[in-house]
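Q: Please construct the entire structure, taking both the sequences and the accompanying hints into account.
Order-wise, the sequence lines are chains P and L.
At the far end of the first sequence sits residue 196, using the working numbering, and the numbering has no gaps.
At the far end of the second sequence sits residue 251, using the working numbering, and the numbering has no gaps.
The hints are simulated quantities; they were obtained by calculation from the structure and are not laboratory data.
Model, not experiment: these values are computed from the prediction.
Check each hint, because a few of them may be wrong.
To be verified - Covered by chain P, per the in silico footprint, the following chain L stretches (three or more residues, Cβ under 8 Å):
hint : region
1    : 100-110
2    : 196-204
What the hints assert, rightly or not - Just some of the chain P residues that point at chain L, by a computed CB distance under 8 Å:
hint : residue
3    : ALA19
4    : PHE105
5    : GLN108
6    : PRO111
7    : GLN116
8    : LYS181
9    : GLY186
Where a beta carbon is used, it is the ideal one built from N, C-alpha and C, also for glycine.
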Amino acid sequence: MDIAIIKYNAGNIRSVQYALERIGASAVVTDDEAEIRRADRVIFPGVGEASGAMRYLKDRKLDRVIQSLTQPVLGICLGMQLMCRHSEEHDTECLGIFDEDVRRFDPQGQPFKIPQIGWNRISDLKGPLFRNVEDGSFCYFVHSYHASTGEHAIATTNYILPYSAALQKDNFFGVQFHPEKSATIGEQILKNFLEY
Amino acid sequence: MLTKRIIPCLDIKDGRTVKGTNFVNLRDAGDPVELGARYAAEGADELVFLDITATHEKRKTLIELVNRIAHQINIPFTVGGGISTVEDVQVLLQHGADKISVNSAAVKRPELIRELSGEFGSQCVVVAIDAKKEQDGEWYVYLNGGRTPTGIRCEDWAHQAVALGAGEILLTSMDHDGTKQGFALDITHRLSVGLPVPVIASGGGGTPQHFLDVFREGADAALAASVFHFREIDIPDLKGFLSLHGIDMRI
Numbered sequence: 001m002d003i004a005i006i007k008y009n010a011g012n013i014r015s016v017q018y019a020l021e022r023i024g025a026s027a028v029v030t031d032d033e034a035e036i037r038r039a040d041r042v043i044f045p046g047v048g049e050a051s052g053a054m055r056y057l058k059d060r061k062l063d064r065v066i067q068s069l070t071q072p073v074l075g076i077c078l079g080m081q082l083m084c085r086h087s088e089e090h091d092t093e094c095l096g097i098f099d100e101d102v103r104r105f106d107p108q109g110q111p112f113k114i115p116q117i118g119w120n121r122i123s124d125l126k127g128p129l130f131r132n133v134e135d136g137s138f139c140y141f142v143h144s145y146h147a148s149t150g151e152h153a154i155a156t157t158n159y160i161l162p163y164s165a166a167l168q169k170d171n172f173f174g175v176q177f178h179p180e181k182s183a184t185i186g187e188q189i190l191k192n193f194l195e196y
Numbered sequence: 001m002l003t004k005r006i007i008p009c010l011d012i013k014d015g016r017t018v019k020g021t022n023f024v025n026l027r028d029a030g031d032p033v034e035l036g037a038r039y040a041a042e043g044a045d046e047l048v049f050l051d052i053t054a055t056h057e058k059r060k061t062l063i064e065l066v067n068r069i070a071h072q073i074n075i076p077f078t079v080g081g082g083i084s085t086v087e088d089v090q091v092l093l094q095h096g097a098d099k100i101s102v103n104s105a106a107v108k109r110p111e112l113i114r115e116l117s118g119e120f121g122s123q124c125v126v127v128a129i130d131a132k133k134e135q136d137g138e139w140y141v142y143l144n145g146g147r148t149p150t151g152i153r154c155e156d157w158a159h160q161a162v163a164l165g166a167g168e169i170l171l172t173s174m175d176h177d178g179t180k181q182g183f184a185l186d187i188t189h190r191l192s193v194g195l196p197v198p199v200i201a202s203g204g205g206g207t208p209q210h211f212l213d214v215f216r217e218g219a220d221a222a223l224a225a226s227v228f229h230f231r232e233i234d235i236p237d238l239k240g241f242l243s244l245h246g247i248d249m250r251i
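A: As structure tokens, then:
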């Protein structure tokens, strides 16, 4: 199976690659359109900040490429957020694959820290991505922005408010947490994505 | 519910894990790759790796080691020691680190924090602070493994670091480090309630009760080294104890 990880110039893309190696798969990191289109699975990790990341994609015309992919695609963290409609982070128009908007966590005067960093439960799990994953399992999150819980939500997490921990629409999947850093649960989720 | 984190720390010198008391008297604690894998399997929430030699010549060995550990572990991995440029961080991330920790270089040139968070995001940048309580009862920042006083108040520096883009603060009390007499509760509490980002308490954890105490003071995570390396505290037992006492843990 050919797996393409969409390349950015920064971030822990290597961790995604190593996680795939641990479950016996290998992936190439690429921003080449032909290579991405050819792949059986595409992983869109997303790092840094939304407007800069969208600009990077647009400069390489990767925005159109991602929107038009027909094989299973998995957005991780900012990757998932960029697959939504709009992000409050520097008022960024995103790819519009999921009908959700991304907003900054508002602690509302409570002692909540932002970003949320650490392990939190994923619940209301739906669909093939969470096969053999128990409701309430812990995953590792690092983020300051969150997606609303509309019709494409396939998992929710609660931090200050309930939000989408994962989204799915057709062949497009997105996870707010980092499966590559979520111990054996994360590995199971990555396996499920590869086997979808 | 976001859980509190237990973080084993590997202090690396010449490719081996070492541990000292109050930053001196180092003794060998084993192979870092083996230890890292063991901790991930035992339910550690994160792993921190600090290169305490961090000389230019040793850099290549360190990077290879980071790469070997990153291949093994399925939990977040922070690397620190000798980082002073954007390029240093790029290399570490390319070899499998998820976050990096900066200390002395950031105190000497605070703009470094802004450069790193601008390039890699705040979530990637942990600012480590080695602090010591002086006779006036205030906590001050020390550099170079605790050898050099700066005269900068710990709280002032922590707030400045966050304003510049630090995503987490790793606070080590040099007075407590390696003593196993408990964490520095006063300063940990002040930073934990005062800062909008997570605070990792480090230095002095010797018993499960010490971890409970520091979490009750508001720490978001607690880091320790030798008690885990020498199996004085077992991670699953520790998490069980904390959970039983009402601290949210990933078990």
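Q: Which numbered hints does this structure break?
A: 1, 4, 5
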